[in-house]
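Q: These are the residues of each chain, in order.
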Amino acid sequence: MTQLMINGKAYDVDVEDDMPLLWVIRDVIGFTGTKFGCGMGLCGACSIHIDGNVARSCITPVAAAKGKNITTIEGLGTPDNPHPVQQAWAESDVPQCGYCQSGQIMAAASLLKENPKPNEDDIKNGMTNYCRCGTYLQIHAAVKKASDLIGDES
Amino acid sequence: MSTQEKLKVSRRQFMGMSGALVLGMYLPVGKLAAKAGVSAAGKVNAFLVIAPDNSITFYNPFIEMGQGTYTSIPTLVAEELDADLSAMQIAQAPHGDDYKIMFNNTVRFTGGSLSVRSSYETMRRAGATARAMLINAAAEKWQVKASDCKTEPGFVINQSTGDKLSYGELAPLAATQTVPEDLPLKESKDFRLIGKPVKRTDSLAKATGTANFGIDTQIDGMLVAVVKQSPVFGGKVKSFDAAAVKDMPGVKWVDPIPDGVAVIADNYWHALKAIQALPVSFDEGANAKFSSAAYLQSLQDNLDTAGVNVENKGDVATALKSAETKLTADYHVPFLAHATLEPMNCTALVTDNNCTVWAPNQGADFVAGTAAGITGLPLDAITVETPFLGGGFGRRFLMDFVAQAVTLAKAHKGIPIKVVWSREEDTQHDFYRPMTAARYRAGLDANGKPVALHVTNVGEGPMGRLNPEFLADPKIDTTVVEGVEKQPYEIANHKLDYVHMPLSPVPIGYWRSVAHSVNGFIKESFIDEMAHAAKKDPVAFRLSMLSNSPRFAAVLKKAAAMADWNPSVVEKNGVKHAMGVSLHESFGSLVAQVAEVSIENKKINVHKVWCVVDCGFAVNPAIVKMQMESALAFGLSAAMGEEITMEKGRVRQTNFHTYPILMGKDMPEVETEIINSGATMGGVGEIGTPPIASAVCNALFTLTGKRIRTLPLSKTDLNA
Ligand code: FES
Ligand code: FES
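Protein sequences, first through last, are from chains A and B.
So that you can map any letter, position 83 of the first sequence is 83 in this note's numbering, and since no number is skipped, the others follow by simple counting.
So that you can map any letter, position 137 of the second sequence is 137 in this note's numbering, and since no number is skipped, the others follow by simple counting.
Isolated chain A, as found in the complex (with noise of 0.2 Å):
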């Protein structure tokens, strides 16, 4: 048994400890936000947090994140009480078909959180998930929105 702490909630799962946490997330727990799209840390659609940090979870053993703090997108905010980034996604109608976005916007909130005042470069080199949609001009909006609904917060 493997204990792990996934939006804020403990979980023990009977899993390998090579498998990747992406499919621990999605087929063994059932949380269906974080996607997958590549399987090769390339795309981004699998973007959690692991004590914070961003991280790939197709690549990520699970054994990797053991008494680690793991966040998906259903644990940064819900429809009802949405992080900051969201409602910035939200409000400035971000996705297309929507796919890539769970990854986008966690890889957002992870940037703000290191850097809360990005600049346009920043947010271009920092944002390195892909979208087949295009969506790329909204996404680095909103980050930017999202910098300022933070800012106001605080």
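Wrong hints could be hidden among the right ones.
Short derived list, chain A residues pointing at chain B, Cβ under 10 Å [as the list claims (entries may be wrong)]:
{"#": "1", "residue": "Met1"}
{"#": "2", "residue": "Lys35"}
{"#": "3", "residue": "Thr72"}
{"#": "4", "residue": "Val85"}
{"#": "5", "residue": "Cys97"}
{"#": "6", "residue": "Ile123"}
If we take Cβ atoms under 8 Å as the criterion, some of the chain A residues that face chain B in the derived model are [said to hold, decoys possible]:
{"#": "7", "residue": "Trp23"}
{"#": "8", "residue": "Thr32"}
{"#": "9", "residue": "Cys43"}
If you're looking for bench data, these hints aren't it; they were derived computationally from the structure.
Note that this is a predicted model, so its numbers are computed, not measured.
All C-beta atoms, glycine included, are put in the ideal place defined by N, C-alpha and C.
Start from chain A and add chain B with the ligands according to the hints.
A: This is chain B with the ligands only, laid out in the frame that chain A set:
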């Protein structure tokens, strides 16, 4: 497709929904029917359900894959119904004839940039009909004339007393009203939602991870299957050794599927590990010799073949002979993959009498037909659930992944099975945008005026392969020549030939904007070559051939004005920048784009794109602008780095490291303007893709003097 059919009444029952106003459309379609919900029996295929609890549910016949149909289509209904869009629930309509609202009620799919323009009137009529019935119900209740009532979103108001009743309160009585016919629709000056940048209905769900995609399907007792298909197209499984993997963690069964094998396990990871370990040998068959390089050679060997004549005006041969300046150029483009970010997947549950399929799809009837064919069950025993699609771009018309899930679920009745493809399977078993080659020959007179243009396109198109019934002339594949055919440029002598070069065994399909993606690049690059040969400004040169096409001229002029068009190289911070222009019509809409490009340390930077679109009328200008950005990113992605190559009958690319898609840091700034010309409504979802590659390559020519005649740019050495 006609949207003018009369509305007609019929009363049927709606499942378990007592007292609701249920407005459905049924065959012969275009007709609306209203039903009062009373008892449980029977299934009504509703478009619109207004329930006593004030909930309004809209069953959308079009799927949402990013293009905004879960906003723009219900907007049409809400406008005429006079309801708040945000208060409406949007659900995906089931399969069945009742929802075949396209092409004279013969078919329903989402694609071809058709959703809004094909249903613009039908959807508004549905809303207007429901509103009139609600008003009539209120009038009956208040014993006043209908004309004494008005509506505000969600309510009918008694104009003399100021009383109001909610739509929900009126629903039971409204359901008993006669369905009115020939209702007038709103005048555009009265639009509250149409033509406005109405907010999307799906943003919050997609921002919080609560939007459900096909791959997210979870059913009690569900197992996950991962497939391995013959690496060579058309190959067959010779043998596999299930015993070698049966003791691996989580593995339940190893099953054959069409052209491959699947491991069914308790989760994706276990199934993936097992399929990777599974000893399997394939009979590669006759196609093991196919290579895309050899196919390209066969295309290029036929650039002067007569083929089938598509267009012929004047006397091209004579005009070319006597032209003062002659130019000829050969172009070709590679195979491309759709690379939807959500890999192919499908979940199926088969029992003796029923089959349910959860499938990201661009046509629920295609799913149902596939499932019925495999299970032998009648269509009405098949349920299709369509969640959000993590991208479609034309890939999810094809039902290969559905067939796999249903095949496996049929072998294991009562157990829901979800097939999930790895990215590698997805890249290597797509239905590709076909490779195409073209030869362009042009003649200019002494003043640089074009006098002749002769184009030969060589290849095979997806329509001829997949839907030959849609071809007006079986010998001419529109999906090879669209976009060179019916050009607005006035050239006295012109000719277009099509040489059919069958691509067997490569699966080919519809890729966002189909052959326009090919011909938008080639035609607009060659027009640019002509402009330079004529020593004319590329914008002025195009305009000189558009005197009879004012809409084209207008979008081009506007794009040039927005960009502050400059045909010369300009230095900015010590780096040379240049602009390129392109103009292309597709799906009934016109798009002009100007791209500003530079090269630094051998890296191409596309800084900004100015984009002008005339789609007749933009129902939701915000969504139209987003679709322009999305589609041009898609085209730019392909132009920059996408290419599928095949050797020994198999695709060489596997995942995003070998099939790179555009990243955020390479996305240009985009400025879009919409011209509401009032012309017949055109499509929106694909039209931004065709012009971008040529706009960029035309800029690169100005910058480097090198003409780019094939894509992607990643394999072109601009310094050579
Ligand atoms: S799925 Fe993890 S990076 Fe693509
Ligand atoms: S919104 Fe579709 S992949 Fe990003």
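Q: Hint by hint, say whether it matches the structure.
A: Here is what the structure says about each hint:
1. About 15 Å separates the beta-carbon of A/Met1 from the nearest beta-carbon of chain B, more than 10 Å, and the hint is not met.
2. Because the beta carbon of A/Lys35 sits about 7 Å from the nearest beta carbon in chain B, less than 10 Å, this interface hint is met.
3. Because the beta carbon of A/Thr72 sits about 7 Å from the nearest beta carbon in chain B, less than 10 Å, this interface hint is met.
4. Interface restraint check: A/Val85 against chain B, minimum CB-CB distance 8 Å, threshold 10 Å, status holds.
5. Using the Cβ-Cβ criterion of 10 Å, the hint placing A/Cys97 at the interface with chain B is satisfied: the shortest such distance is roughly 3 Å.
6. The closest approach between the C-beta of A/Ile123 and any C-beta of chain B is roughly 9 Å, which is under the 10 Å cut-off, so the hint is satisfied.
7. This hint holds: A/Trp23 has a C-beta 4 Å from the nearest C-beta of chain B, less than the 8 Å allowed.
8. Because the closest C-beta pair between A/Thr32 and chain B is about 4 Å apart, less than 8 Å, the hint holds.
9. Below 8 Å, beta-carbon pairs count as interface contacts, and A/Cys43 has one with chain B at about 6 Å; its hint therefore holds.
In terms of the numbered hints stated before, the structure departs from hint 1 and from no other.
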